[in-house]
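Protein chains: 4
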Amino acid sequence: MFATRSFTLLCRRSAASTWRNKSQSAGKRLDISGIYPPIATPFTQSEDVDYQRLDDNLKKYCDLPFRGLVVVEVVKRVKQALPKDKLLLAGSGCESTRATIQMSQRMADACADCLLVATPCFYRGRMDSRALINHYTKVADSSSVPVVLYSVPANTGLELPVDAIIQLSQHPNIVGLKDSGGDITRIALLVQKTRSQDFQVLAGSAGFLVAAYAVGAVGGVCALANVLGQQVCDLAQLCVSGRWDEARELQYRLIEPNTAVTRQYGVPALKQSMEWFGYHGGVCRSPLQPLSKADLEQLQVKFSSNGWL
Amino acid sequence: MFATRSFTLLCRRSAASTWRNKSQSAGKRLDISGIYPPIATPFTQSEDVDYQRLDDNLKKYCDLPFRGLVVVEVVKRVKQALPKDKLLLAGSGCESTRATIQMSQRMADACADCLLVATPCFYRGRMDSRALINHYTKVADSSSVPVVLYSVPANTGLELPVDAIIQLSQHPNIVGLKDSGGDITRIALLVQKTRSQDFQVLAGSAGFLVAAYAVGAVGGVCALANVLGQQVCDLAQLCVSGRWDEARELQYRLIEPNTAVTRQYGVPALKQSMEWFGYHGGVCRSPLQPLSKADLEQLQVKFSSNGWL
Amino acid sequence: MFATRSFTLLCRRSAASTWRNKSQSAGKRLDISGIYPPIATPFTQSEDVDYQRLDDNLKKYCDLPFRGLVVVEVVKRVKQALPKDKLLLAGSGCESTRATIQMSQRMADACADCLLVATPCFYRGRMDSRALINHYTKVADSSSVPVVLYSVPANTGLELPVDAIIQLSQHPNIVGLKDSGGDITRIALLVQKTRSQDFQVLAGSAGFLVAAYAVGAVGGVCALANVLGQQVCDLAQLCVSGRWDEARELQYRLIEPNTAVTRQYGVPALKQSMEWFGYHGGVCRSPLQPLSKADLEQLQVKFSSNGWL
Amino acid sequence: MFATRSFTLLCRRSAASTWRNKSQSAGKRLDISGIYPPIATPFTQSEDVDYQRLDDNLKKYCDLPFRGLVVVEVVKRVKQALPKDKLLLAGSGCESTRATIQMSQRMADACADCLLVATPCFYRGRMDSRALINHYTKVADSSSVPVVLYSVPANTGLELPVDAIIQLSQHPNIVGLKDSGGDITRIALLVQKTRSQDFQVLAGSAGFLVAAYAVGAVGGVCALANVLGQQVCDLAQLCVSGRWDEARELQYRLIEPNTAVTRQYGVPALKQSMEWFGYHGGVCRSPLQPLSKADLEQLQVKFSSNGWL
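Residue numbers (the working numbering), protein chains in the order written: chain A, 80 to 388; chain B, 80 to 388; chain C, 80 to 388; chain D, 80 to 388.
Because the hints were derived from the structure by calculation, they are not lab data. Watch out, some of these pointers could steer you wrong.
Same chains, same label: a pair holds when it works inside one copy or across any pair of copies.
Stated by the list, open to error - Straight-line C-alpha distance at most 25 Å; calculated SDA-like pairs for lysine to any residue: (1) K372 / S208; (2) K272 / L388; (3) K155 / A178; (4) K272 / S383; (5) K372 / S175; (6) K372 / D110.
Computed from a predicted model, the values in this text were never measured in an experiment.
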């Protein structure tokens, strides 16, 4: 969404190593199961990227059992810091198909392993299944790395329709979906209807992670993992191991912190709470405002009352 | 909501056996865990209750492992047909507190075991936590039988706020909540925040039953149980037994039929599909319209493609 | 919506004087143009109707140039107090068609001149044009007095569709529409599409009265007219006389008071401000709560800053 | 929103001629009253700007009594074609304040007369009055040309709050508002509350233009003016002249075509209908899809049944 982006590092991926070749040879989709923090970029007071602090954060994140990281900027820098076994998912959704394809190409050139493509939404009244299937098909056709669909109605005012997802799940270069809407019935239905395609559904939030695993999701892209990364990974592991009673108890303690750093107080709260847990959150870029003193106190309570502070 | 109601049978409950006495002596809340169909009343062509067909349905429902039934009309008739170990939950929510109290009294006199009280909603702009806490407290204070809160935003355009539920969970005569909104994060939070009160959360739909159990709900009031009663009870039992993999598989097959008889095609679809499974659904009362031929075919596919027809 | 209603006075209208006869003989619809307050019923502390105070209010209202009054209760009492040249519109919308027909009959028996029939809404997901056309046609067919459609999405979560209104405008016993949604483009379209039918559109609020007149509405049912009745009538008169500049100036001064007694603070504010202007507002019935002190002060400012207090 | 933008022509405006100087010397705001089409850019089949066809359109638009044009791309080209007495309003809203300021600078350099700045919306949950006042103040402070606020909830899911607009109306470099929400009560209130500031409100659609003028708006930015430009200008002129009865009749005939080319069928319909009226609409860029045959027929009916085709 924001204008400045840097992804100048060119990947060693040759033009030949497209998804068409890979899927022909391997016959299997990229495994994206696991937990990803969509990393918050630290800025300096002048609103430029603070690379030193970014590197500090990355160093810590690399020690956690994340499956990978999600970035929308600074792809090159993150790629350099990331161990080879971690996936780098790069956000490349733009309003036009053409711009999305161009950004996807730049992201792939900067060695992103996978693209996370949010729905276009400015003309949401016209974004029916036909338009969205067309859009994603063109993007996936042209991309040299796999595509993950991304439905995030709280930000876009648009939910990627179930029938569009089912059809798109058949595309060999579309490997999964990040669903941030939190409608658990829908998530279960999507898993049911796409599993013959080896399609992978990721929860878009730590708030409903246990429920999502219970109905067949295989991971999550969780803002809260920027703050409580180990705990979110533990939660996923408990679900995968079938230890549901323990999972439920841990889930309870993560709901309020998660809501606080997402829907309730948003990015400013995420960045603030990162500071409390040893990461560099830094300032927010305008028009996002710092939290009021009252909100800050409430935020702290959401962590402390659940035993995290 | 509809005008004609019959509950003239007076219960043997004496004035002395109020919740105050019961809670003093027993020290424990009524256990409402389990599955309930909110029973659909069969009507004759002239839109009167068809008691013969109602009795036929009840006979069949009594053979299923339901915890009880939910009714909004015909309380007396249902009570007569119901074995003593089954609970009768009676809907008694009206727009004014006074009318709700009066209907609650009539329901209790007709031997309802418990009241299911939907939020008032006509003045939804003024229905904040203060107003709703006040409303439910007065209703619960005056009722001789326990009260279950009922939040159903699809019908009322209003969600009972989390803070109001937490406060109301402390009332000794309020034993639980039916939540039909389906926001699984909210349901988990409500379980966490009220479990010290022995407060019981019921899912308001079979569509998210596994997820609700996964985060601590103890049952469900499920329209689909009018049609696939045994299957919904099986699903609950699998969850209670911790057989989550089997539960997930069964859950998948119930989502489309459930959506079809609720949000998608509504009461006409519920009544139609009851006929397919040996129950009397009967006609709908105007302004509800019969399904179109195309909708009817779609409805059938939702059951047949999941192996139920 | 509330349970207690009294309309025992039987009108002298014989069964023969139905709309069919009238429309055959007269060939013209009832003229409903003008301003109506939907009168607020004063209650005693015990939440019973305070008839003495109601009569006091009615006496004052009868001195104002209203076209009539809208009532949902106490039809009999109001009819007795009302001069013969004023219209009594009685709310008779219920959830089922059958109950609506029955209440309409009782209202007509109590000498209502016209019925104001809100859309059923509990099953709003199924209330498409087909269902609503069917509902209103049955109600209008069976009613001995004319029917006014009533679309009030803020309370019902449902807007009566344009195509349904256009078709219903052709029914000889449906004379108009009260539209409270405030979508002025829709109101203009409705006037355009129904004017060949002599169908009359009333604004459902004083907040957009000038705009509604500007696009062809012929009156309004305005809660604010309970408080500033003369002013709302003046506003209508300025519009009818084509004195748009004066109308605009008066409109400005009514917007904030109107919003305050409707959407913002609701019925409690309406009743409170009635007291300031010499009427009996009285208490609200639970679950409506009295205004907080801060809200009360804000409410007063909305009137005083516009020169009314 | 779309990526490719060209505005390389540098305006002769010197750094000294900022709004601060101008407002000091002139003491009066830029008069923006009148009608503006937000011009649709024609593209070639390869989705590049079709400059020849753009010039053809501009030639025709320059013959109509528009006050100016609104552009979001191709500022330079439009400026060259535009007579000196016409205003060029350039869209420059981005998600971050920084990017908005940068684009505003580029637009001013390309000789835009005024900036039209839509609300940021990606983090709409955090875009309260405080954040938006801060955002617009920074943009207006730094801009060398006047700023027009732009509230367009259908596209952004966010309505610029009334209190924010009132406060921002006091900024000497913010001259008005384009309001596309269509809430006529809100528009009237905004006019009332800002007119001491010489603040100008423009309707964001031809669908409610008469109503907007009736409550004090001074013009409109109307997509329909791309197609029926003379008629929209006539409508405005009738309102300004106080010929309300004629205005109303013309308004009626514009509502359906307007809804068709905006909310109902969107940009593809706008471009298609431009072709019918002698302009070059051209293809839409993906993900926007061409109209289906059925939609196309419906679109034609909306024009023909109102006497325009």
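To see whether the hints hold, each was checked on the structure:
1. K372 / S208: between (44 Å within a copy, 17 Å between copies)
2. K272 / L388: Between copies only: 19 Å across, 41 Å inside.
3. K155 / A178: both (19 Å within a copy, 21 Å between copies)
4. K272 / S383: This pair counts as between: shortest inter-copy Cα distance 15 Å, intra-copy 40 Å.
5. K372 / S175: between (40 Å within a copy, 24 Å between copies)
6. K372 / D110: neither (43 Å within a copy, 42 Å between copies)
Consistency note: the structure conflicts with earlier hint 6 alone.
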